[in-house]
Every structure is written in C-alpha cells, then in structure tokens.
Amino acid sequence: MFNIFREKKQTELNLVLDDLTALEQYIHDLFNFSPLPVCFISPIGVILEVNPALEKVTGFKMDEVIGESIEKIFDKDEASFLIRDTLKEGVVDNRELLLLSKGGNKIIAQVSTRVRKDENNETVGFFISLSDLTRIKKTEAELKRIQEALLNILEDTEQARKKAEEERNKTEAIIVNLTDGLVFFDRNHNLAMINPQAEKFFGVKAEDIVGENIKSLINSGNFALPAKFLGPEIKTVFRKELVLDRHTILEISTSAMGSEGEDLGDLVVFHDVSREKAVERLKTEFVSLAAHQLRTPLSAIKWSLRMVLDGDAGKIKQEQREILEKTYQSNERMISLINDLLNLSRIEEGRYVINPVALDLAKICLQVIESFKDSFSNKGLKFKIFQSSLKPIFVIADEEKLKLTVQNLLDNALKYTPAKGVVEVSLKQIGKNVRLEVRDTGIGIAKEEQGRIFSKFFRGSQAVLIEPTGTGLGLYMAKNIIEGHGGKIGFSSEQGKGSVFYFTLPKQKKGVSL
Amino acid sequence: MVNIDDFSPPTVKSLLRLKGKTRGENILLDIRFIRRNYGNEGVGKLEKTLSEIGSPINLAQLKTGDFYPIGWETVCLLAIRKVFGFDEEKIKEMGQDAPKFSIFLKIFMKYFVSLGKIAQEAPRIWREYYTIGDLTVVGVNESGKRVVLRLDNFDVHPINCCNLSGFFQRVLSMVINAKTFCQETKCVFRGESFHQFDITW
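If you're matching them up, the sequences are chains A and B in order.
For the first sequence, counting from 1, position 335 maps to 335 in our numbering; every step adds exactly one.
For the second sequence, counting from 1, position 71 maps to 585 in our numbering; every step adds exactly one.
Treat each hint with caution, since some may be false.
Mimicking DSBU-like on lysine-lysine, the simulated pairs with C-alpha atoms at most 35 Å apart in a straight line are [what the hints assert, rightly or not]:
1. B:K559 to A:K56
2. B:K659 to A:K76
3. B:K631 to A:K102
4. B:K604 to A:K106
5. B:K693 to A:K102
Derived from the structure by calculation, the hints contain no laboratory data.
Same shape as in the complex, but just chain A (with noise of 0.2 Å):
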C-alpha cells in the first residue's frame, strides 16, 4: 500500500519535473529568440544571464560575461549611477550608456532597466534590455550634418534673397526716381512694367494698362501715340524724336533685352529733350536774326569796297589799295560765314527749303570745279578728274545747294592738301545711283574725330592749326543737302595719308517732271 502511494508520488513527481523542463525549454528559447538585447544583472552588478542577441552586439560569448562584473559590458560610472538609479526607481527608460564591446570599441546604446523582485518583495536583481544606436546615431549625425548643410544653403539663400531684395529695390528706385520714362515690353509684347515717369509723360496709369497687347495699346487710349511710334512689333529706334505736344519733344530708344540667348523682351526709354530742343530752337532763332542783322550791313560795307576799289570814288594809292583789298576778302569772308550760319539755322528750323530740278551733276561739278582750278594750280597741288561717260548724268536735286556740297568738299581738299598733293574728282554711275567721290592726299582726320566730322561746328584739330578761319559748317551742311535729296555721304581717311569724301544720289533719266 505504502510502496503504491510512493510510486504515485513519483509519478506525480516526474510529470512535475518534465512539465519544468519544458518550460525551462520554452524561456530558454524565447529569450534566445529575442532579437532585443536582454541581460539580468544581480543587484551587486554581477551579470548573470545574458541572450544571443547581447553577445551578438557586444562581441563577448555567454562564457566570458556570466559571472562578470557589469563593468565589463558597461563604462564603470554609468554602470554605477545606473545599478543605483535602477534599484531606487525600480525602473530606468531610455538612458543613453556607452556599452563595451570585446573589440574594444564604445557602442552608443539605449538602455531600460526593471527590477525583479522574489515572492517576498526583495529585490533580487533587474533585468536590462539595450538598443543598439550606432546606425540612429550615425543616421541622426548623417541628418544633423544635413541639416546643417541644409541650414547654410538656406542661410545663403536667405542672403543671396537679401542681396537679391536689395538690388531689386535699389533697382526699383532707380526705376521709379528716373527721370527718363521707362516701359518694358515683355517677348509677347505685352507691357510688363511701366516707370511714374512715363505715366506721367504719356498720362496713364500702370494699373490700367500694364499687361496689355501693344496692339491694343496702339488702338486706343492714352499711350497710343508712342505705341504707334513703336509699331506692333516693337522696332528698334535710338534716339528717335516723338512730339507729344507743342512744349513736349521725347527722345525714344528701344533696347532688346536678352538673357544666356533668351529673348526678354523690349526696354523702351522716352528722354525728354524738350528744354534742350527749345534752347536750341532760340539759339537758332538768335542766330538767324543776328546773321540777317549783320548781312545788310556787311553788303552795304562790300559794295562801298567795291565802288572804292574800283576808282568810283576817285584814284587809291596802291598802299591803300592792297588795305582795301584786305579789308574786302575779311568782308567776303565774314559775309560766307554770316550764309552759312543762316543756312544752317534754316537747317534746324525745318526752313532750308530744297527746289529740286533735273539736272546734270557732270555739268554742274564741272562748273565748281572750273571755279577752283586757279586756286589748285597756285597752291601747286595736282588737279585730276575722272568723268565714267561724257554723257550727261542726271540727277534731281536743287542746283545752288548741290553746287554748296561739291564746293564745300572740294574746297576742305585745297584748304587741307599741303602744296605738291593731289586732288582727284571722279564721277561714276553705279547702278541706279551716281557717285561723286573727292580723294586728296591732304592732312587726312584722326581716327578718334572721325565719327564727329559731319558734326555742327566740329573741326579736325589738325585742320584747325593749318587753317585757322573755318567755320565747321561745311560738311554739316553736306550732310544736311546730300540726306535731303535722299542720298548718302560718307568719307574714309587717313592720319596723315589724306581722305576720300562721296556722295551718292538717285540717277534719273532726263525729262522727268517732278
């Protein structure tokens, strides 16, 4: 009976042993599966049970970590303030520790502890478990490092933003405070932007036409006139002239703005030449009415010349004769130059009235140049001319004004050629038009005054030091008459070597009636 209950005990008893070995089995294999690195550390800090995935993250075996102190795994300070803090609280939640690895390298880890207390509330020991931050860590440097890259393109950008506002303000500033009217026509043709100035020349407001089509600018409202002016495809002018009104002249530029080859659009700028043109328009005006002021007095003083000269008022000695003579050519010469300035003012005033007829420009340059010939053979200067056809060539153009030009250039030839040179006059017909072109080897201009020459007034300073009396006029006014007749004049020189000057005009056939 008694050998029968211990029997039953036993088996009682075995079924109890196996039923903890399979739950021995079973913790040991879920705390070997945890990929979370586990380890229980007594309270005294021994460690005395640590998983796979510790080993795997420190590098030590289960061997050489069981039964060491937790100073192995962890830096001796923090380890400290880590058993204290733990056995305090009960709990640790993500502290930051440096853990040891067998290789000797500090892994940065998170750490959370738990105590484990037996069945009377004793404090047996506390389990730790760690994540490994090497990768967050390196993740989290990697971001920081990004974002202080980011931090600086983005304070850069802040400063080239700055810089950016700053110009456009500066240039906006510029923009509103000039004087000058400003549009700006973008590639459509649209008006993108248009200045106080200009809305104050034209009497409009940016509001109400910014963004419109040229072409409906051109139809209607205020701004019409220069968008009539400037065409439905945006011309390109410099410094054409646009009256607005009896006391308004604008000077208009357009500008073609471009970036790396793409096309931006149209800058237009109004100058207003208003003062400049009214200044000029009473220069002129004085200069007309002294010039006619001057031109009887100076008329009746040659004829009296004249008259004395001529023994009207009795017989001179020939002391005072040669006087007279002098006195006379200082009068024809001041007379020339009193012409020249009433040309030229009727020139600026829109009065130098031209009467075109037909004309033979062979007869009428050989009738100059016939005028000339004394003066060619006393300088010594060879005389040569160059006639393509004997035949007539015809032109249209007023005849007393196109004798000026052909005087005007042939006499800088003999005033500028030094004795000895060579003056060639040629006559060609080229194509549809006629050219008349005087070539000397003469003083020739420097290349910095050549784009001056046909200026008002502009003489050459090497002209000025061999002939002192000019008046600058003489080629103003050819320009004047030869673009006037619907020609063109031009030269090419040389320092010292001497110059070409032509003129070209349309031929027209004889008989033509104008």
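Following the hints, complete the assembly by docking chain B onto the known chain A.
For chain B alone, kept in the frame of chain A given last:
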C-alpha cells in the same frame, strides 16, 4: 589514497555503485563545457569512451532535473580527464563554468545579494544538486575577505573535489562581485573527516 588517474573498469564499476545521487544538470553542464570547447566531435569521443569502459551513461538521454547515481558524474569527469587530458586546474575551470549556466542556481539567484543570505541558504542550494553530502558555511569574514565552507558526508572521488572547488569559487565571485580564489584545505581523501574549502578575494 585514491589515484585520480585511475580510470580502469573496476574503478568505474565501483564508482557506479556509490550511494547518493546527482542532478542530471551537474553532468550536462560539464558536457556543455566540452561541447563549447571541442564541439560535438569532442562529445562523441566522450560518449565512445564511456561506452568502451562499460558505463551505462547515455549522455543524449540525460535530463537536467532528473537525479542519477552520483558515480555517473565522477565517471564522466574521469572520462573527460582521460579523453581531453585535463589536469586538476582544468577540471576546476570546468567547475567554475558551471554556475554561469546552471538553471537551478538561477532559482537561488535571489540569494546572490549578500554573503549572509547565501550562507544561510547554502545547505538548501546543495540539496538541489546532490542527495548526499551536507554543505555549511562555517566562516564568513567580509573584512578579512574570507569565507570557509565545510562539506560533510561526501566521500565520492578527489576529482569531484576539484570540480566543486571551481564551482564554489565562481558562486562566491558572483555574490561579492570580485575575483575569488578557492582552495580545498581539508579533504576526506587526505585523511580528514570532512572537506573544507577556503575562499578568499
């Protein structure tokens, strides 16, 4: 005087007849040490030796919690000594390794908080491992860094003394968190009436 190198069949036979039992875990922890250091091949050699000597020990069928004749543990230790050439220090080292992985010791980890507690629980802990022998802590001198253990009624084999010396050394190290040294100062196989282990640190 027992010859620690005697692994003859008669010796084995007499050892297998010894009274008293040992937990399967005691043998399995030694096998674990061999497997870790010599792999399954090493364990195979051990099994072969045990078979050749005529022992009934089947290592694969041992269970952690079951009790087996105490001689089985001794025979296994002698077989290990023979197969792998372990000297006494190595047998002691194997004993030091055992507490790290002992499941039964984990049950008593709650006493690993002070020398006083572990000293108090030592007899009970011993009984978890063996059915014979009585372990007591006869001296605890913390300031002098010395603990003395006494083991009575455990006349098994000197090789067990080496192994136990390592076991005690490690357990105490785990309790005080310091490197310890254990020496058997008295032994029944040297003519004394009990075993005494002095542990210092």
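Take the C-alpha atoms of K559 of chain B and K56 of chain A, compute the straight-line distance between them, and say whether it is at most 35 Å.
-> holds, 30 Å
Decide if the proposed pair is consistent with the structure: K604 of chain B and K106 of chain A, CA atoms, cutoff 35 Å inclusive.
-> holds, 33 Å
Restraint status (C-alpha distance of K631 of chain B to K102 of chain A at most 35 Å) | Given pair K631 of chain B, K102 of chain A holds - Cα atoms ~33 Å apart, limit 35 Å.
Keeping to a limit of 35 Å between CA atoms, is the pair of K659 of chain B and K76 of chain A held or broken?
-> Within the cut-off at roughly 23 Å; holds.
Would you check the hint for K693 of chain B and K102 of chain A, treating anything up to 35 Å between C-alpha atoms as holding?
-> Judged against 35 Å, a Cα distance of about 19 Å means the pair holds.
Comparing the model with each earlier hint shows no violations; every hint is respected.
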